[in-house]
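Colleague: For reference, the chains in residue letters:
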Amino acid sequence: MSLLDIDSLTVRYGDETAIDGLSFTVNAGESVGLVGESGSGKTQTALAILGLLPRNATVTGSIKFDGEELQGAGDRQLDTIRARRISIVFQDPMLALNPYLRIGEQIARILIEHQIAAGRAAGERVIEMLDAVGLPDPGRQSRAYPHQLSGGMRQRAMIASALITEPDLLIADEPTTALDVTVQAQILELLNAIRKNTALLLITHDLGVVAGYCERMLVLERGRLIESGPTRDVFRAPQQAHTRTMLDAAPRMTRQDYPAPASGETLLDVDAVAVSYREPRHGQLHAVRDVDLQLKQGETVAIVGESGSGKSSLVRAILGLIPARSGTVSFCGETLARNAGSRAAEIRRDLQLVFQDPVGSLNPQMRVADIVREPLLVHEKQSSQADGKQRVVDMLEQVGLDDVFLGRYPHELSGGQAQRVAIARALILKPRVLVCDEAVAALDGSVREQILQQLRELQQTSGLSILFISHDLGVVRAISHRVLVMYLGRLVELADNESLFDRPLHPYTKALIDAVPVPDPEVARSAAMLTGEVPSILTPPTGCAFHPRCAYSVDRCARKMPQPRDVAATIVACHRAEELDL
Amino acid sequence: MIALTQIAGRARGNYAITVSGGILAAIAVIAIVAPWLSPNDYLHTDFDNILSSPRFGGGHWFGTDDLGRDLFVRTMMGIQVTLLVALVASFVSLVIGVLYGAIAGYVGGRVDAVMMRIVDTLYALPFIFIVILLMVVFERNFLLIFVAIGAINWLDMARIVRGQTLSLREKEFIEAARLTGVSTFRIIVRHIAPNLIGVVVVYVTLTIPQAILVESFLSFLGLGIQEPQTSLGALVDAGVNQKESASWMLLIPGGLLALILMCFNFLGDGLRDFFDARQSP
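Protein chains in written order, with numbering that gives the first Met the number 0: chain A, 0 to 581; chain B, 0 to 280.
One should not assume that every hint holds.
[Stated by the list, open to error] Label-pair ranges, simulated between beta-carbon atoms:
1. Thr120/B - Asp393/A: 51 to 61 Å
2. Arg280/A - Leu86/B: 27 to 37 Å
3. Ile22/B - Asp14/A: 26 to 36 Å
4. Glu169/B - His146/A: 16 to 26 Å
5. Gly108/B - Ser535/A: 26 to 36 Å
If you are wondering where the hints come from, they were derived from the structure by calculation, not from laboratory data. Where a beta carbon is used, it is the ideal one built from N, C-alpha and C, also for glycine.
Let's have the full structure, built from the sequences with the hints guiding it.
Modeller: Here you go:
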C-alpha cells in the first residue's frame, strides 16, 4: 500500500478551479518531484495534504495517508499527523521560522508538543539534529535567532525542524528557490542524504532539481496532472506537449548559435569603478571594488555572481542611479558625471534598464499605453499625440503584444506580458544600451525562453548592446557573448562565453557552473561541491576573497590579493590560473 | 486612474459603503432642500409657540426653541454648517497634508528631517488653547474655524502620506521613471500621488468626523459659530440648557450628530476594506 494516496482531489475558489481531479500516490521512502509552472497548483496540493488551505477553498476528493483519510479531517486529528508524520519545508525560511524564538527553542517545541522528548533530552536531540544538517557549531547556533543566520543556514535549520520527528513524508515546497546556486546544491544534497526512510515530495519549477534528486515525477498544468512516471522516462520521452515545452525551456548550458557582433566600437567603458555604502557601526561597506568592463556595440555582456557579489550595485553606478566612489564610466568616449542624478538627458535616454520584478516596475495606476508612452513625453515633447500613439503601438508589436493591451492595467497582465511592457518602455527611446537586472528571473521557463528570444531578435535588428545581470548560468550561457563573474565586489573572471563555460580558469567560476542542476537524469551529479557560503561583505576574508571556500587554495591565496590579469585571452583574478587544470 | 464607474461598481457590493454613504447623501440633500419647503425661516420668532414640542400639525415639525424659533429649519441649517465645516476642513488638510507629506517623503534626507520636525513642533502645541486664543484675539469668525480645524488635521495626514511615500519611493516603477528622466515634480504628481489615493481617501473619511467633533466642541464651548447662525454643536449646547423642559432640543440635533458621525466612521471602515482588497487581489 502506498504511503500517500490522493484520489481525484479538486480544490475550488468560487468559480476558479485551482486543482482539478488530481490523483497520485507516493510510496514509503521514495522521492517524487511535483513540477509545473506558476499557477499550476503545486503549492495548493501541498497545502491540501496538510489541511492548510484557506477557509474559502472548496475541497473534494480523497487524501489518504497510511490508510487514514485526511480530507475533511479536523485539526485535532491532523495534529497527530502533521509535524509528526508529515513535515513541510517552505520556500522562504525567514517567513517560516518565528523571528522571536531562538532556533533551538523552536525546534525543541516540536518535540515537546508531540511528547517525543522533553527537557534536557529535547535540547540534546535538537543539537544532534542541527549537527546532522551541517550547521557549524550547533551548540552555539541553537541559541541564535533566525535573523542571525544566513539564508542557507536558516534553510538547514528549517530542514532540521522538519525532520526531527522522523516523519514518513517530507514535503519540500521550492526549498531552494530563494537561495544562491552554490547553496542550493548543498541543501539538495543534504535533503537527499539525510532523509533516510522519509519519503520526499519535492515541489519545484526547476527541472534540473527534479532530474538530479527524484525517482519519479509528476507534471501539473493548470491544476491537472498531465504526465507522471519515472524521471528518466519522462525526460527521455515526454508524452505531453506541455512537458516537452517545459523540458525544452529548461536551461541546458548549451550554447545557442548566436553570432558575435561585427562592429567593434566600444560604447560603454567602465574603468576601475568602486561603490561603497556607509553602514552604521561598520563604517564603509565596499560593494564594488575597481571593476573594469567594456561593452561593445551589439554585444551582450552578462554579469554573474551570487547575492552580495555587487552586480546590482555595479550597474546602478553605471546607470548613475547611485554615485560611484571612484573610477569613471564613459559612454561613447564621453565621461559620465560621477554624481548620481546629474547625467544629461541625452545620455539618460541611451541607457535604459529592465527590472527583475516585472509587475513592481510598472505603476499600478497607469495603463499600458501611458506607461510605454511616458519616456516619449519626457524626451520628445514636440512629437504629436497621434505620432506618439503610433510609436507605442509599434513598440508593443515589436515585443510581441497587440493593441488590446493598450488599455490594460499592470495587475491585468501576466508576468511575461508585464516584462514585455517593461522592455517596450525601455526601448521606446531607441537606447543604445539596455541593462537587464535579473530581467527573466521571476518568469516561468517557457516565458523566459520567449523573452530571451525577443531580446536576441531586437539585438539582431537594431544593434542594441545588452548588459545582462543574472545569477542563472543557464540563461547567461544562452544569451551572452561575454561573461563577467563577480565575487564579493571584485572581478573574478571575464571571458567570452565559450571559453568561460568550456574552460573556466577560476575555481569559483568552475564551482558556479558545476552547481547548476542539469535537467538530465542521465548526467551524474557533480561530486565536487562548493562548501560554505558567501562571506559577509562587511568582513571579507584576507587575500583572495574566495580562498576559504576554494578547494585549490594555497598559503599565498590567504596572504595576497590576486590582481586581474590576462591569461589566454581571459581576464582572471587567481594566483594559480595557469597551473590549475579545472 | 481607474475609471470611476469601475470603482462604483465594485463598491456597490460593500454594505458599509452603500448604506452609510446613502444615509449621508440623503441627510445632505434634505438639509439643503428642506428649509425651502418649510414655511418657517431660521430667524423668525413665533411668540405663540415658544418651546412647543414636535408635532406635524402645527408647522413646527421638530418643535421650537426657547426663543420660539423653528427647530426643524435650524437643525437643517446646523447640518449644513457642520457638513460644510467638516468638508472644507478636510479638504484643507488633504491638500496641505498630501503635498507636504509627499514632498518630505520623496525628497527625503535633510529636507525630510526639517519638514517633519516642523510637524512635530506643531503637534506639541496645545490645540484648544491656541484656538481659544485666536478667537479672543480676532473676531469670532466662520473662516477661523476652518483654518483652525484644517491646521491640526493636516499634521496627521502629512505623517501618513510621508510614510506611504517612503515605501513607494523604493518601488521599481519609481526608479524606472527616474531613469527615463521624468522630473521630480512629475514623479510626485503622476506616480506617487495616484498610488496614495487609497490611503488618503480612507483617512479623509476618518478625519471628517474628527473635524465635526472639533467644530461641535468649539460651538458647545461657545467659541464656534456666531448666533443667530447655528451648527449641530451649538444646537446641542442650547439643548443641554433646556434638557429638563424641552428634551427634543437636545435629542434631535444630538441624535442627528451621532448618526452623521457613525455614518462617516462606517464609510471610512468600508473604504479601507475596499481599497485593501484592491491592493491584494
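Colleague: A separate judgement is required for each hint: does it hold in the structure or not?
Modeller: Status of the hints after comparison with the structure:
1. Thr120/B - Asp393/A: 51 to 61 Å: Between Thr120/B and Asp393/A, where Cβ atoms are some 55 Å apart, the hint holds.
2. Arg280/A - Leu86/B: 27 to 37 Å: violated, 50 Å
3. Ile22/B - Asp14/A: 26 to 36 Å: holds, 33 Å
4. Glu169/B - His146/A: 16 to 26 Å: holds, 20 Å
5. Gly108/B - Ser535/A: 26 to 36 Å: holds, 27 Å
Violation of the numbered hints given earlier is confined to hint 2; every other hint is satisfied by the structure.
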